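Trainee: Given next are the chains, with one letter for each unit.
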Amino acid sequence: MGAQKKRAAAAAAAARVSEDPDDLARQPLQAILLADSFTTKFRPITLERPKVLLPLVNVPMINYTLAWLEAAGVAEVFVFCCAHSKQVIDYLENSEWFSQPNFTVKTIESHNIISAGDALRLIYEQNVIHGDFVLISGDTVSNMSLTQALQEHKERKKKDNNAVMTMIIKKSKPSPITRQSRLGTDELFMAIDPNTKQLLYYEDKADHSKGTICLDKMLLAENPSISLHNDKQDCYIDICSPEVLSLFTDNFDYQHLRRHFVKGLLLDDIMGYKIFTHEIHSSYAARIDNYRSYDIVSKDIIQRWTYPYVPDVKFCGNRATKLERRGMYRALEIEQSRSAQVGSFTVIGYGTKIGSNSKISDSVIGEGCTIGSNVLIEGSYIWDNVIIEDGCELRHVIVCDGVIMKAGAVLKPGVVLSFKVVIGERFVVPAYSKVSLLQQPTVHDSDEELEYADNSSGTVEFSSIQGTADQSNGEMTSESSEAHKPKLGTGGVGYIWSICEGGQEEEWRHSVAPIPEDKLTELSEAMDDDQELVTQDRTALSTSGELISDSNASEGDDNEDSKDDSVYFEKEVEATFLRAVEENVKVDHVILEVNSLRLSYNMTSADCAGAVFYSMMKLAIKTPHSSAIGLLTLYPSPFSMVASNAYPIYLSGELQQNTANIITTWQKLLKSYLLEIDEEIEIILKFEEMCLESAKEFSPLFARILHILYDKDILQEDAILRWADEKEGADESDKVFVRQSEKFIQWLREASEEED
Amino acid sequence: MDFQVVVLAGGTSKKLVPLVSKEVPKALLPVANRPVLSYVLEQLELSNIKDLIVVVEGADAALCVGGWISAAYVDRLHVEVATVPEDVGTAGALRAIAHHLTAKDVLVVSGDLVSDVPPGAVTAAHRRHDAVVTAMICSVPVSGLSEAGSSGAKDKTKKPGRYNIIGMDPTKQFLLHIATGAELEKDTRIRKSILRAVGQMDIRADLMDAHMYAFNRSVLQEVLDQKDKFQSLKQDVLPYLVRSQLKSEILINGAPQGQQAKENGNDKVSYRILANASTPSFHELYALGPNGSAPVRRTHKCCVYIASNSKYCVRLNSIQAFMDINRDVIGEANHLSGYNFSAQNNIIHPSAELGSKTTVGPHCMLGEGSQMGDKCSVKRSVIGRHCRIGSNVKVVNSVVMNHVTIGDGCSIQGSVICSNAQLQERVALKDCQVGLGYVVSAGCEYKGESLARKEK
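Residue numbers (numbering that gives the first Met the number 0), protein chains in the order written: chain A, 0 to 755; chain B, 0 to 455.
Keep in mind the hints are simulated off the structure, nothing from the lab.
Check the hints yourself; a few may be wrong.
Unchecked claim - Derived contacts from chain A toward chain B, CB cut-off under 8 Å, selection only:
hint: 1; residue: R120
hint: 2; residue: P175
hint: 3; residue: Q179
hint: 4; residue: P193
hint: 5; residue: Q197
hint: 6; residue: I212
hint: 7; residue: C213
hint: 8; residue: P223
hint: 9; residue: I225
hint: 10; residue: L227
hint: 11; residue: D230
hint: 12; residue: S336
Claimed, not checked - Just some of the chain A residues that point at chain B, by a computed CB distance under 7 Å:
hint: 13; residue: T211
hint: 14; residue: S224
hint: 15; residue: N229
hint: 16; residue: R508
Quantities reported herein were computed from a predicted structural model and do not represent experimental measurements.
Glycine residues also receive a C-beta, built at the ideal position from the N, C-alpha and C atoms.
Produce the entire structure from the sequences given, and follow the hints as far as they go.
Mentor: Take a look at the structure:
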């Protein structure tokens, strides 16, 4: 049912696409802009303001994205708003974006969406996308030209209807030590066909425990040449065909664009959809994914890599700013003390006042800030209307709107102060802490992807705290929060968020602060150890002359396999045997068949003997006299063993007769596997096992059937005697059958002595 | 040139039975009427390498090879023939002759390589990077018949076999990954550590290891000593060196680079200067400490030399390859044979005698003193010396060695007839191999069979 639906949907989509190719070519270019990243990396800031509206070098991020889309020739943009949708829509309505000629911005709002996948499914339902579209999130900064990528995409699409997506990538080598890119994202491994640029393998969110990349052998069989890349960065700008939306609808479990959609497409070889890449070389494209990329992209903007989207060029939403020497941007009406030093690569916003002897470098200061004297600001991002009193020190921090820092407060690297926080006098905020007026949400969803800045609860909380800070503090005292809420010094307002378990170590990865030296040394040593492990592994294996086998895990698999194998093998042999009985196949042919099974499962002849014997005995039970057997099985087995002789003779007699018949008929088959005495012992052991487990009917007859086997020359006396000897030292419970056949064994022993 | 050359001439390869025998070891199999070994020796001679060690497996084979070399190259090359026991593997062979090796680097060439790639180019690539090993890589040969007209379409549909999976850096100078043999059947696993160090790796499945290696001698000997289980250069030693290149174990006991790094500060400075002189390879970058300090890690370099597509490079290691090479050397790659081709694009020795209405097509070779009867036809085949071929005989796509007698009315297609074999009248062979001195009785027809005397 589901599959049918899927197919129908796919067909419908295909029909829609192929309706009129000419018409399609003339379609104005559309874009989907996701104004929500569906992650929580910018918390606590994003609890109060959506990520796309956070200022990036004093301009809300979404403006960079929209300005680029407009310049790239996109005619219509659907802005998908989820968290804080009201704020986004309000902002857009008050901006110039709704009044641009040849550029339409439409908003789509939804509150119960938790992932990009859901968003795209919703857009599909609205049926607004008619041709190829650009998929982008509202936190992307780029100045690339889409023309070439778009053309490539269209040409590919014309030739191969399965080429549904073109991903924009850019060269950027992650640090081998920290294993993350300069934007603070995880390292990315991709395999790309160097000729067609088709994406063949994609692995982000690398599992560090796995030291290898596993390329399917089919991949290399189909592509004689593959480039494996660790030096590319995914720009998260995708050119998609309309099928992409229907694919999301078909696969309702796709949530994440990369982790589910891209990987799903790469693994799915039935539909054969293909993803291609387009590498940009000289232009800029980057997505702000975390605080580190916020820092890096800001610096890139200041250093003009993103031209024309730089502070001194007027594009939507920025104020006139003048570029001075050494990469200094100054807006109008700045009051700066004569003795204040403003260093290179710094942006100072409109109406900001800077006191005497303050030093500012590599930082962005927003509008209307007041900075006292003797303040040190280094590599920091100060947003609007922040008051920093005398003698504060800020290194590599983000300070949001309306924050007040009392005199002498110090922010260690990596600190994030959310809106309207007050830091008390001489208070030192420890490194990497996040401070907010809002309390840390206590419920932690284990799956961070599904967790997002929840709109409704966010605003509710927000409004409750809108009142005076003191009041909100008072309200909270009832909870245990008071206990774990460290004070922010005298007069301080806000909560220091505790870093959730496990996150502490990783905090430095995504922070605005540069990675500390000692961390690097530590990591590079760890890397050495890694290598050591790997090589040791390898040498251990290679000295034994074996080919490289990669991990213990795979060896474990092998063991599993062999266990499975023997079960399958037994079943196959039994099936073969039963068929042979039913169809009266010649013994020789059965031997051939079993032999081929043996080869294909790589079994020994002892295994064969065991399996054949097992099938024969099974047959003996099944041969019609089921009523009698039914009766037999009713008896609890221990009883039946002891009282075997007490059985009505016809019951066991019939089974014995059956067994004897079958053994006589098929003795040739069995004998062909009994080359050595070991195999004969194997049979006895097998029989014992059966009597105990799968075919308890035989347990009373054990000794007799043993005798039959001896009479038919299937078992030699040596085998039986050795079996008995082996069992000598076993547990009592193991000896049941030896006991049962004691007389027979005794007789055999005497006979052999006589011979001697 | 401080290079020693070791030619691994093998013994009597089992894969080539019935073509090889005690009297004709693999190294002496004729390719266009010359022993295959002569092609390697000639290339070495062209690169001005005249001192070499030829390693032969088995005493009998060594005697034959030694005899031939001393006769053919008496005044041209200085060749030492070393005998090693059979089945010691290529690594074992080198282990056995280790005491002969003294030079800084050793070039190891397989004796069955028919190629026009200059060995000098491989040694130069090796020296340029001060590598521990440099392997020559060539494109996978298209095997099977490629008949003149129809070849184009046929070859495209046929997938070339896979011999290796080779990973290289984007500049195609360094070997980062190599998979051989049974590993090809599994999924390819690439280590992330090396990918991190190099950034981009090109993986190719259409190249193969041509079995010509330049080794750093001390490294080679150390590996051979320490890893006494290593049997094959191709399957053990080379992959080992490749996978340990970022965490080198072998330089510890005083190989050149190791010493350099260990010594005092002066050396360090010179190291930096050297490193600055040219763009450092990823090995050097990787070896550096976190802030560009002196090297903290020990690495070694594995290089490749990729033979260009226009070069010919095939190993004679199967019967099919034997056929292919013979066909190519008198056909497409005829510059290798060293003969002058006639206007008809074939070579007929002046002393050969042809009967009336007998035609010898292009891409054929007829050795000295061979006689052919009337109305014979030879196409794309090699016929050796002093063969006696009756009338009405057809030889197509075949190799006929020396002193072979072929009766009237025989038809031979795609087959190999070894020396001294005798084909009586009206024998028809297709895709067969006839062993040394075998007699095929009159009127027999065989298809795809291997005919040889029983070895006693």
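Trainee: Could you run down the list of hints and mark each one as holding or not?
Mentor: Each hint tested on the structure:
| no. | hint | result |
| --- | --- | --- |
| 1 | R120 | violated, 34 Å |
| 2 | P175 | holds, 4 Å |
| 3 | Q179 | violated, 11 Å |
| 4 | P193 | holds, 7 Å |
| 5 | Q197 | violated, 14 Å |
| 6 | I212 | holds, 5 Å |
| 7 | C213 | holds, 5 Å |
| 8 | P223 | holds, 4 Å |
| 9 | I225 | holds, 4 Å |
| 10 | L227 | holds, 4 Å |
| 11 | D230 | holds, 3 Å |
| 12 | S336 | violated, 37 Å |
| 13 | T211 | holds, 4 Å |
| 14 | S224 | holds, 5 Å |
| 15 | N229 | holds, 5 Å |
| 16 | R508 | violated, 16 Å |
Hint violations for this structure: numbers 1, 3, 5, 12, 16, all remaining hints satisfied.
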